[in-house]
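Novice: Sequences listed follow chains A and B, in order. Reminder that position 42 of the first sequence reads as 1521 in the numbering used here, one-by-one numbering, no gaps. Reminder that position 416 of the second sequence reads as 417 in the numbering used here, one-by-one numbering, no gaps.
No lab work stands behind these hints: they were computed from the structure. Computed from a prediction, not measured in an experiment: that's the story for all the values here. A portion of the hints provided could be inaccurate.
[Stated by the list, open to error] The calculated SDA-like cross-link candidates involving lysine to any residue, where the alpha carbons are at most 25 Å apart (straight line), are: (1) A/Lys1608 / A/Arg1661; (2) A/Lys1587 / B/Thr42; (3) A/Lys1579 / B/Asn327; (4) B/Lys358 / B/Arg450; (5) A/Lys1579 / B/Ser414; (6) A/Lys1587 / B/Gly448; (7) A/Lys1618 / A/Gly1672; (8) A/Lys1608 / A/Met1640; (9) A/Lys1579 / A/Glu1553; (10) A/Lys1618 / B/Gly435; (11) B/Lys247 / B/Glu437; (12) A/Lys1587 / B/Leu424; (13) B/Lys358 / B/Lys312; (14) B/Lys379 / B/Met404; (15) A/Lys1630 / B/Lys341; (16) A/Lys1618 / B/Glu401; (17) A/Lys1644 / B/Ser414; (18) A/Lys1579 / B/Ala449; (19) A/Lys1579 / B/Glu437; (20) A/Lys1644 / A/Gly1624; (21) A/Lys1700 / A/Pro1673; (22) A/Lys1587 / B/Met404; (23) A/Lys1700 / A/Glu1530; (24) A/Lys1587 / B/Gln453; (25) A/Lys1504 / A/Glu1553; (26) A/Lys1644 / B/Leu417; (27) A/Lys1630 / B/Ala438; (28) A/Lys1618 / B/Ala438; (29) A/Lys1618 / B/Arg333; (30) B/Lys312 / B/Arg450; (31) A/Lys1618 / B/Leu104; (32) B/Lys341 / B/His298; (33) A/Lys1618 / B/Arg420; (34) A/Lys1618 / B/His298; (35) A/Lys1630 / B/Glu429; (36) B/Lys358 / B/Ala415; (37) A/Lys1504 / A/Val1490; (38) A/Lys1604 / A/Lys1618; (39) B/Lys390 / B/His298; (40) A/Lys1579 / B/Ala415.
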Amino acid sequence: MLSVKGLKANVGDEEILRGLDLEVKPGEVHAIMGPNGSGKSTFAHVLSGREGYEVTAGSAELEGTNLFALEPEERARLGLFLAFQYPVELPGVNNMYFLKAALNAIRKSRGEEELDAVSFMRRMKERLKVLHLDDSLLKRPVNFGFSGGEKKRNEIFQMAMLEPKLAILDETDSGLDIDALRIVADGVNALRGPQRSMIVVTHYQRLLDYIEPDHVHVLAKGRIIRSGGKELALELEEKGYGWIADGEAA
Amino acid sequence: MSAAANSSRQPTEAAEAFAGWLRNLGGDAAPETAGTGSGPTWLATERQQAAERVRTQAVPTGKSEDWRYTGLRALIEQGFVQADEPVTALTVDDIDEVLVPGLEAHRVVLVNGRYAEALCDLGTLPRGVRIGSLRGMLDSDPDAVRGVLTQIAGEGSHLFAALNTAAMQDGLVVLLERAALLERPIEVIHLSVGMDEPRVAQPRHLISLGEGAQAQVIERYVSLGDALYCTNSVLEVALGRDALLKHARVQQESRNAFHITGLYLSQDANSRYAGVNIGLGGTWARTDLVTRFSGEHAECDLQGLYLAGDKQLIDYHMDVRHGLPNCSSRERFKGILYGKGRAVFDGLVYVARDAQKTDANMSNRNLILSPNAEVDTKPQLEIYADDVKCSHGTTVGQIEPEMLFYLRSRGISAALARRMLCLGFAGEIIDALGPEALRDYVAEQVGARLEQAPLD
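The following block holds chain A by itself, in its conformation from the complex:
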């Protein structure tokens, strides 16, 4: 599904990613953990095509297509989805209109018909329910005046609507209380399937109690320094990141 090799990226003059390798197979959920400043969010942004980052070496391919040759919207149409750590408020842009525009752009690029109004509404209502979101959200401007929890749930709702091949969840758990965390995790788990892969970027192990990963990677100073199963997350939680950094130094 996703193949990242030797990825290096700068912000300004500073090198943030220093040779990152990652292979994600269809249906797998990978967790990327690491201390603040390790490059977790940079990795998510570079893959999705946000401005302000310069890729200096390496490659990233989604099902064999070079992501770095594509505009952000083209990556999304290919099946990449980023759940933002800080979802952006769009005053005046109606949520339903926004979702329709996004879904239709993606379907059109795949040569599919636009979804008719009835199927679209049905799909929306069904998926709102999973995320315990109220129908009234559809009439509001995107993320505008939403609570922190609503914003995060809205990200997962969008993911449910757009049905990506590869979803990157960037610190989706940050700022969520335990009830909201459970709802978000339920929403994510409902979307797991043999053809959909996920990268869960998080600082804390607790999200992984609810979204069980197949693989856990530890990112430090722009490189993956340890990989393992879900037990690695527990180990990290117990010992803290200092242990990893020390291990790397030794």
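Since the structure of chain A is already known, use the hints to place chain B on it.
Specialist: This is chain B only, laid out in the frame that chain A set:
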């Protein structure tokens, strides 16, 4: 020295050219009304005085504050002449393309500034409501407009209003008696069609609501084709005690049109005026919105949205005077500038010493999509009372890259994302327009213009 001499000579030449042009436009027309013999004496006097003001008033130059950012040269150079004969060849089918789909309204059509009876579709008007032509009203019942016509946009109004008073030939009159209530809106289509030579039409319109009357008026300035013409119109609005007027004005003229409108508003106690101005068309468009209160607890709400692209200048001037206590006014204007578009926002709110408890709020926000676009914004509060609530604010900004990326990361193209963000910015003004059919129509018009806008 030569540079100084040069710079002092040029404005004089321009001023002379302008004065000559004004004399032609104002002077010729006055005898026509006198000739019909039907104009009442009080009006003839007003018109003579207005013509005199046009002749003697200082001609605006680049130094005059009101016209600083809106040069008159382009207007003078067109050599507009007064449109004399009415256009009668149009049929209802011809105006089909300028209609708003699904808008239910009592429809009035004026062509090149003249009331076009054959194109109107007034339907059944409720009791106490009169709609007709100014010309007809002056012939049949001039007393019905006395006390309003020329009394609101009178002395002290600007040069073009005086010119209009001197030269007016026809226009629209809407009169609501005490407590009359119009449930359906009145749609006024100001249609312009091109003539062999560039013409200026100077219609005079009047809306008068008696005590407690309520109405909604939708004015639309439209044209057939890319005609080059000028409209210099004045609308006088008188609101009696407790009267309520909702007023939408959508200016979508031809890209070659010159457009000058003055809205002069007089509000009695407890009256409420809610106006939404949409400025999309024309190459040179100047609008003056002028409000005076004649009773306490009146509310005046002026909102607006302007879009200006290449070869467009759109100018909104506001002048709201609080001379009495307890009135409130709000000006909320938003602008989107693209290409080499230019806009001017100049809002003055004046609060006299006796106007205690005035509540006045003014804001002007602009979105600039291109480095070559320009907006000159000048909100002004002049306050002489000490117990008031007044505020103003202005912003000029660009589309936030964060917002753009968020939309693109969902598969939406950069062009559509920009359009969505612009429409989102403009949305609250469009939403204030009233009927859904009109809101949808204007949103579509705005979207279509943004679609053609160059991206940088």
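Novice: Against this structure, judge whether each hint is valid.
Specialist: These are the hints, each one checked on the structure:
1. The hinted pair formed by A/Lys1608 and A/Arg1661 meets the criterion: a straight-line CA distance of about 14 Å does not exceed 25 Å.
2. For a cut-off of 25 Å, the pair hint linking A/Lys1587 to B/Thr42 is broken: about 69 Å separates their Cα positions.
3. Restraint check for A/Lys1579 and B/Asn327: not satisfied, since their Cα atoms lie roughly 47 Å apart, outside the 25 Å limit.
4. Our distance criterion of 25 Å between C-alpha atoms is broken by B/Lys358 and B/Arg450, whose separation comes to about 42 Å.
5. The hinted pair formed by A/Lys1579 and B/Ser414 meets the criterion: a straight-line CA distance of about 13 Å does not exceed 25 Å.
6. With a C-alpha separation of about 21 Å, the suggested pairing of A/Lys1587 with B/Gly448 holds against the 25 Å cut-off.
7. Distance check on the hinted pair: A/Lys1618 and A/Gly1672 sit about 30 Å apart at the alpha-carbon level, beyond 25 Å; violated.
8. The straight-line distance between the Cα atoms of A/Lys1608 and A/Met1640 is roughly 12 Å, inside the 25 Å bound, and the hint therefore holds.
9. With a C-alpha separation of about 17 Å, the suggested pairing of A/Lys1579 with A/Glu1553 holds against the 25 Å cut-off.
10. Proximity of A/Lys1618 to B/Gly435 is assessed by CA-CA distance (about 18 Å); at most 25 Å being required, the pair is judged to hold.
11. Of the pairs offered as hints, the one joining B/Lys247 and B/Glu437 holds, with about 14 Å between alpha carbons and a cut-off of 25 Å not exceeded.
12. A C-alpha spacing of about 23 Å is found between A/Lys1587 and B/Leu424, which places the hinted pair at or below 25 Å, so the restraint holds.
13. With a CA separation close to 43 Å, the supplied pair B/Lys358 and B/Lys312 exceeds the 25 Å bound.
14. The hinted pair formed by B/Lys379 and B/Met404 fails the criterion: a straight-line CA distance of about 28 Å is larger than 25 Å.
15. Distance restraint check for A/Lys1630 and B/Lys341: the Cα-Cα separation of roughly 38 Å exceeds the 25 Å cut-off, and the hinted pair is therefore not satisfied.
16. A threshold of 25 Å between alpha carbons decides the hint, and for A/Lys1618 with B/Glu401 the separation of about 23 Å falls inside it, so the pair holds.
17. For the given pair, A/Lys1644 sits about 19 Å from B/Ser414 by alpha-carbon distance, which is consistent with the 25 Å threshold.
18. Distance check on the hinted pair: A/Lys1579 and B/Ala449 sit about 19 Å apart at the alpha-carbon level, within 25 Å; holds.
19. Using a Cα cut-off of 25 Å, the hinted pair A/Lys1579 and B/Glu437 holds, with the two alpha carbons roughly 21 Å apart.
20. Distance restraint check for A/Lys1644 and A/Gly1624: the Cα-Cα separation of roughly 30 Å exceeds the 25 Å cut-off, and the hinted pair is therefore not satisfied.
21. Between the alpha carbons of A/Lys1700 and A/Pro1673 the distance comes to roughly 32 Å, so the proposed pair goes past 25 Å and is violated.
22. Taken as a hint, the A/Lys1587 and B/Met404 pair is honoured in the structure, with Cα atoms around 23 Å apart against an allowance of 25 Å.
23. Pair hint A/Lys1700 plus A/Glu1530 holds up; C-alpha atoms about 21 Å apart against a cutoff of 25 Å.
24. For the hint pairing A/Lys1587 with B/Gln453, the CA-to-CA distance comes to about 22 Å; that is within 25 Å, so the pair holds.
25. A C-alpha spacing of about 21 Å is found between A/Lys1504 and A/Glu1553, which places the hinted pair at or below 25 Å, so the restraint holds.
26. A hinted pair counts as satisfied when its Cα atoms are at most 25 Å apart, and A/Lys1644 with B/Leu417 qualifies at roughly 24 Å.
27. A hinted pair counts as satisfied when its Cα atoms are at most 25 Å apart, and A/Lys1630 with B/Ala438 does not qualify at roughly 32 Å.
28. Taken as a hint, the A/Lys1618 and B/Ala438 pair is honoured in the structure, with Cα atoms around 19 Å apart against an allowance of 25 Å.
29. A C-alpha spacing of about 24 Å is found between A/Lys1618 and B/Arg333, which places the hinted pair at or below 25 Å, so the restraint holds.
30. Under the criterion of a C-alpha separation no larger than 25 Å, the hint pairing B/Lys312 with B/Arg450 is consistent with the structure, at around 14 Å.
31. This hinted pair checks out: A/Lys1618 and B/Leu104 have alpha carbons roughly 24 Å apart, not beyond 25 Å.
32. With a C-alpha separation of about 42 Å, the suggested pairing of B/Lys341 with B/His298 is violated against the 25 Å cut-off.
33. A C-alpha spacing of about 19 Å is found between A/Lys1618 and B/Arg420, which places the hinted pair at or below 25 Å, so the restraint holds.
34. Note on A/Lys1618 and B/His298: the hinted pairing is violated, with a Cα-Cα distance of about 35 Å set against a maximum of 25 Å.
35. Between A/Lys1630 and B/Glu429, the direct Cα distance comes to roughly 22 Å. Compliance with the 25 Å bound is thereby established for this hinted pair.
36. At roughly 48 Å between alpha-carbon atoms, B/Lys358 and B/Ala415 are farther apart than 25 Å, so this suggested pair is violated.
37. Restraint check: the Cα-Cα separation between A/Lys1504 and A/Val1490 comes to about 29 Å, which exceeds 25 Å; the hinted pair is violated.
38. At roughly 13 Å between alpha-carbon atoms, A/Lys1604 and A/Lys1618 fall within 25 Å of each other, so this suggested pair holds.
39. At most 25 Å may separate the alpha-carbon atoms for a hinted pair to count; B/Lys390 and B/His298 meet this at roughly 14 Å.
40. The suggested pairing of A/Lys1579 with B/Ala415 holds, with an alpha-carbon distance near 16 Å, which does not exceed 25 Å.
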